[in-house]
Structures are given as structure tokens and as C-alpha cells.
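Residue numbers (full-length UniProt numbering), protein chains in the order written: chain A, 1 to 449; chain B, 1 to 449.
Be a bit skeptical, because a hint or two may be false.
Copies of the same chain look alike in the list, so a pair counts if it works inside one copy or between any two.
Cut-off 30 Å, straight-line C-alpha distance, at most; resulting in silico cross-link-like pairs (DSBU-like, lysine-lysine) [to be verified]:
hint, residue 1, residue 2
1, K415, K11
2, K226, K14
3, K260, K226
4, K83, K120
5, K444, K314
6, K120, K60
7, K54, K83
Just so you know, the hints here were simulated from the structure itself, not pulled from any lab data. Owing to the predicted nature of the structure, the values given are computational and were not obtained by experimental measurement.
The primary structure of each chain is shown beneath.
Number of protein chains: 2
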Amino acid sequence: MQFQISEELIKQVKHLIQTESDDNLRSMLNEIHFADVAEILGELSLSKATYLIKLLDSEKTSEALMELEEDFRERILENLSAKEIAEELEEMDSDDAADIVAELPDDRAEEVIAKIEDEKRAEDIKELLSYGEDTAGGLMAKELVKVKETWTVAGCVREMRQQAEKVTRVHSIYVVDKEGKLKGRLSLKDLLTAPAKAHISDVYIRKVDYVDVDTEGEEVARIMQKYDLEAIPVTDRDGILVGRVTIDDIVDFIKDEAEKDYQLAAGISQDVEADDSVWQLTRARLPWLILGLFGGLGSVFIMEGYEEALAQYKELFFFTPLIAAMAGNVGVQSSAIIVQGLANDVVKGSLFNRLIKEISLSLISGVTLGILVIIFGLLDGMELIFSFTIAVSMLFVIIVAALIGTFVPIILDKKGIDPAIATGPFITTSNDIFGIFLFFSIAKLILGF
Amino acid sequence: MQFQISEELIKQVKHLIQTESDDNLRSMLNEIHFADVAEILGELSLSKATYLIKLLDSEKTSEALMELEEDFRERILENLSAKEIAEELEEMDSDDAADIVAELPDDRAEEVIAKIEDEKRAEDIKELLSYGEDTAGGLMAKELVKVKETWTVAGCVREMRQQAEKVTRVHSIYVVDKEGKLKGRLSLKDLLTAPAKAHISDVYIRKVDYVDVDTEGEEVARIMQKYDLEAIPVTDRDGILVGRVTIDDIVDFIKDEAEKDYQLAAGISQDVEADDSVWQLTRARLPWLILGLFGGLGSVFIMEGYEEALAQYKELFFFTPLIAAMAGNVGVQSSAIIVQGLANDVVKGSLFNRLIKEISLSLISGVTLGILVIIFGLLDGMELIFSFTIAVSMLFVIIVAALIGTFVPIILDKKGIDPAIATGPFITTSNDIFGIFLFFSIAKLILGF
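Okay, chain A solo, but in the shape it has when bound:
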């Protein structure tokens, strides 16, 4: 049933813009959901997209603007006057408006805020900009429905009708005292079913989950998920109700966090997308490659140190990429599980038990892989003592790699550093060097070169 943006439709829009058929464009696009308008804008050139934004009602375009890629939006905004941007902002929810202003250069941001006619709105935006980006204050919107505990249900319904006009979705009605301190909440359902003459103080729910403006975004997401909340009120440091965070912002937040972790694990250090410029992508990727290069050069050094074994045991050197790959793979597996476990708070029990578990795990995998190496050695015509040496060294490398993969994230986490940094290239690189060093040390011990 979903609306599908066809190439046909895009062509038609482009044609209508070229012929400046404004009425046709308006009647055509006003029927369409803003998220679809955003998709259409994304398919147009900058000048055509700007043309459409200027043409259509701010009511529609303001929401569509929010859905666009940040880069594209910025370039469109560069083509709008401060007044035009201010008009878009007046139609947005306050949290979205603040996000847009935050993307503008400082002097332009001031100019835009000065052009906002609704003073309350301008103040709200300034307030929201004063909080940290990843805090409840930075995520919240100012729009909400609040009532005083002394009111009657009938008075409350009257007041609510008025306030609700400005609020896209009413999840809960918040109850405050004379000073504006958060006291509890009331569902619309409760309001519908309560007698009209009852006082709010008789019907409202006194238990209400809330966060304060300084609560970290991650913590807000955790609480909202744990308690299955669709909105959570936000108070200032004195308990005064100042805003609310809604679940759709949290959905975006969760997605962003997951994508960042995924990219970190793949060795990409900034939030980039497939369609970003070559320069942006290089900046995000090159540092990790340089780290990997130094790791590889470390291995070169180690092997130079064992050069004297080359004549008799050249096959050892053929196995180094295999050893490095095993150390890397095992390390990434262990660290990924621990990093995820730490994020979901399921890493329990003593460190000693975890040690035993990782060692058992690596023993099972290492012995299995070792047997396969010995079978390969027999088929390849290697001496048994030689393939045995490789299997045993590999077993030790796997155990140590698993321990590094497990305990580096745990230690980082205990020190308050994001353990997600310790997956991907970081763990593969350190395990590569360490694995190759261990491999040659053990081989030397057994073969005695």
C-alpha cells in the first residue's frame, strides 16, 4: 500500500519545475507524505530542490527538510534567506528546529533566530542549544501537554485541547505543581474515563519515570527500552518539567549508535556514508590502515629476528599469514561478544570464571583447528614434528588471542573508555604482532633453532 516513488514521478516533477508549473506542483505534492517529499527532494539537483522548498508550504517542507541527508540539507539552507529558514523553523518541533540551527554557521544561526517571529519559540531553541548534543536536554522537545494538579478533569480537557494543537502526538499529560515541578502523569485514556468534576489530584498517577537534562542519551535510551516508554519527561536540575524525549528520537539514536559501533569494528572512525566524498571517506579509513601498517611492519621485524631459522624451517614463514589471520579472527570474535555483552549489561560473574570459559572455548577450537593442520601437513608431505609444532603454537596463539580479545574491552570499560574501540583493526593488529611473536617463540622451543 505504500507510496512508491517511481522514476516516472521524478521525471514529471523535474519537468514541472523546469516549466515553472507552480500550481500543478503544489496540488501534486501537497497530497504526498512529507517523508516521500523528502525522498523526491533527494533525487533532485540542488537548484531544483531549493525551488521546491521555496514553493511548497513550510508546514510540509519543514518536516521533509528534517528527513534529508545532512550535507544536502546544509546546501539547500545556504540558498535560503535567514527569513525563509526562520519560517521553516516555526513549523518544526522545537527539537528539530534546534538541530537545524546547530548545523548553521554561528553568525548565520544568530541571524536566523533573530528572524523568528514567535519569541517563545526563539527562546526555546536557544535553551535547547545550551544542552550537550547527546544528553536528554539535547534530545528533548519543548512541546508537551501539562496540567496543574489542582485543576478539574473538565478544565483539564479544555486546556488540553488548546495545548494539544501545538503537540504532534500526545503520549501522556504531565501533572505539575504550582512551581512547575513534575508530580506525575495522566493518560488520555484516564482523562476520557474520569468523571468531569473530579480533580486531577484524585486521578493522576504519581509514579512517573523521568530523566534530567544532563542524563546521557545512552541512559535515556536504556531506560525507555527497559520500561517500554514512548515518551519520558525531562526536568531541570530543580525538578521543573522542561521537555520530553519521544521514542522516535530514541529509535534514531539507537540506530546511530549501532552504526557507529559497526563502523568502529570495521575500522572506520567517523560517521561516514557510502555516498560521502572520497576525502571524507579517506579521513575516516586511512588512520586505521596506518595502524595496520605499523602492525605489519612489526611482524617484519619479528621475522627478521628469526631469519636464521629460514634455511631449515622455511615452511614456518609460509604459515605466518595463517597465524595472523587466526589471532585476528579469534580476537575479533571474543571482543565483539564482550563489547555487545557490556552494552547490554549481560557480562556477569567473576573475571576468573570468564577466564576459564575463554580458555575452554579456545582449547576446543584450537585443538580442532590443530588436527586439521596436521591432516593438511600429512597430505602436503610435511614432517609430522613440523606440522605438530605449527598446531601446538597455533593453539597457544588462539588461547592468548581470545584472552586479549576478552579482557582488553573489559579493562577499557572499567576505566570508563568505550570498549567498542577495542574491536576490529585495533585487536587484529595487536593480535597479529603478538600472534606471530608467540608462534616463533614456541616453534623455537619445540624445534630448537
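Dock chain B against the given chain A, drawing on the hints supplied.
What follows is chain B alone, placed relative to chain A:
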């Protein structure tokens, strides 16, 4: 403000269970949110947790059960009678109840369903079980508020009060025709503000997003995110309204999908957690390690083929872990960006442009890294022609690795295979072999051995 589960509290609960102080336990735990009760249960032994589940009201425990780890929940359910499970199910939302039944062994599931007193509820559960797990039908709940388009607003409010009792949260009121076909929706806000005598047909919104029971979960998530929906109605194949999917289920779905992708990228093939058994973890990890082992053995073969170069150019062999690491890292970076781009639908433009982009990217990175290798060579006392050879070969390896990392996921996606499989060990292993082969081929060409 959040409730914090202290060790003190857990101790106290354990003590109260041991002394069978049922009244104290009830009065203490009835005050606590079900999500916190779930956390307490998770800290108890199986027998103590079962004791609490049997003691407390089903109203509280049914929701707490849903929050527990699946394994622990299964073991608790094994200790409950079919009748006791049926009682828990009667208190749950239908989608949660169906999920629980799906976890039970077949014969026990039938037994439990037979013990459910509410026949409508039993039927709902059976219906939900008939849909695929990852479809709208499998995600939806049967609870919703629906009204007929011929009713008046006043009649609708009356009916709604009755229906809403069974529905935890009312997002929208759905409007259906005589046959039950979905016609549109109405917000509670609209209902509050419409005149009592108006007919629903005069006030409802005819545009409503919906999915049908067979729509894939991923598509449901995409639509709900794109259009910022908090609930979406689900129809059967004839357009009859049969349920609704709410955003909290989608949040869980998004998180699960992100975790699966993350694990796939790390070479973990099943949904495992840090606290799963050694055996479960081995089953999820070992297959990827075996794949890596075969890749490593492939490199051994390739190097055996270049054995004659060993005497003169032994340093080439010292560089193989570095080449393998570069090929792997670049491949993982490229594939991660493409896999994420495909998931977010931002991979646009022609394949040729993408080719040019990846090649430019790898040229920049490859030349930078090559210069570093030459500098290292100078410091390490290598011949210039030799370090130059390594730098040039590495440049080619990086370009090819980036192309493999980019186009393998794109091809898989075009063929309808989940491109997420093509990150991590898969791309590192294939790039290892390919990189080492290419490295020696180019070195041979330049050095002529």
C-alpha cells in the same frame, strides 16, 4: 530517579524467600516495576525465581517473564504447570503470549493452550502462531481499538472506554467498515475535540499507513521509521484489520538486527551472548575459524609455489602478514560501508561511478601507505628497488581488495542474498589469499625471479 537494584535488596529478597515470608515479599515487590522484578529474578537461582513467579500476581510476573533471558525463562517455565503458564498467558499482550508458546515444546504448547480459559485469547494465540516469525503477522498483537465508520463520536467514546481496558496503550483508533475492512484512523486527540453528535465518517482520517500479515519485519521497521509511526495496523490478505504492530516491538527488532549484523561482521554466525554456554559459543564461532584456516592454508600453497624466490628475496615473505592485513582491513572497511549503505538505501548512482570512487580512494590510501613502506625500507636498510616493489604490489592489493569489498556485497544484494554475510571473516579470508597471490605475482613481474 531510577530505581536501582542494590545487592542489599537482592540479599533481602533471597532471605525472605528462604524464610518463606510471602506477605513481606508480596508487599515489597508489588511496589516495583515489572522490568525491575525481571532484573531481580535474573539474579536469583532457578528455584528461588520459580518460587517468586508462583507467589506473585500473574499481572506482574507475566510482564517480568517477557523481560528475562530466553534460556532462563524456558527453565522457569519447565517448572510451572500447564495451568500456571496458561494463567501467565492470560495476562500478557497476545503477541508476547504467542512468543512464549512458540518457545515451548510442541506437545506442551498444545497442553498450555488447552488450559487457557478465555477462548478468544486461545484462538488469537493460535492465529498469531500461524504467521512467520519475522513478518508483520508474527510481530503484531491482536489488541487494538476499532470503531465502525457509521457510529457517532459519543457512541465511539463509550465503545472505546470498554475496548481500551484490554489495550495497554491506545495510539490510534482504527476505523473499519461493516465487513471489518480497514478504512482509516482517528487519534484520541481528534476524538476529544470532535462534537459528540458527529459521525465517525465525518471526522476520521482516510489516509492510513498499513501493512499486511505477510510484510517482512524489516519492511515494517523501515516504514515505521520513515513515517515516524508509533503503531501500524495490519490487515489480512482481504484487507480485514487483524492486528497492530507497535514501536516497542520494532525497537527490539532493530536492535536484534543490528546485533546480528555486528556479530556476522565479527565472524559469529548465531545469535549468542557472552553468558551462553561454551558449546553454543563454539558452534557460532568455529565454522568461521575453519574458513579462516582454509584461507591460511591457501596462502601456504601460494608461497610454496614461490619458494625459489626465497633465497634472493626472503624479505618478501616477511611482508606477507602485512599484505594480508592490508587486504583484509581495506576489504572490511569497503564492505562495511556498502552493507550499511544498502541497508539504509543510500547507495545510489551508477556502478561505474562507484568504481571510480573506490579506485580514487584506494589510490590515495595506497600511495600514502606505500610512501611509509619506502621510508621504513630506507631506515631498515633495504634496497630501494625492493621496498619500491613492495609498495607498488601493496598499492595494487589495496585497490583490488577495495573493489572486492565493494562489489561482492552489491552483487549479493542484487541476487537477493543478505550482503551482511560478506563482511568480516568472509572478506578477510578471500582477500588474504587473493592479496598474497597478487603480491607475489607483481613482485615477480618487477623483480623477475
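Structure-based check of all given hints:
1. K415 <-> K11: between (56 Å within a copy, 28 Å between copies)
2. K226 <-> K14: For K226 and K14, only the inter-copy Cα distance (23 Å) is at most 30 Å; the intra-copy one is 47 Å.
3. K260 <-> K226: Both ways: K260 and K226 sit 22 Å apart in one copy and 20 Å across, limit 30 Å.
4. K83 <-> K120: Cα proximity of K83 and K120: one copy only (17 Å, versus 58 Å across).
5. K444 <-> K314: Classified as both; 13 Å inside a copy, 19 Å across copies.
6. K120 <-> K60: Within one copy only: 22 Å inside, 43 Å across.
7. K54 <-> K83: Classified as within: same-chain Cα gap 11 Å, cross-chain 64 Å, threshold 30 Å.
Violation of the numbered hints given earlier is absent; every hint is satisfied by the structure.
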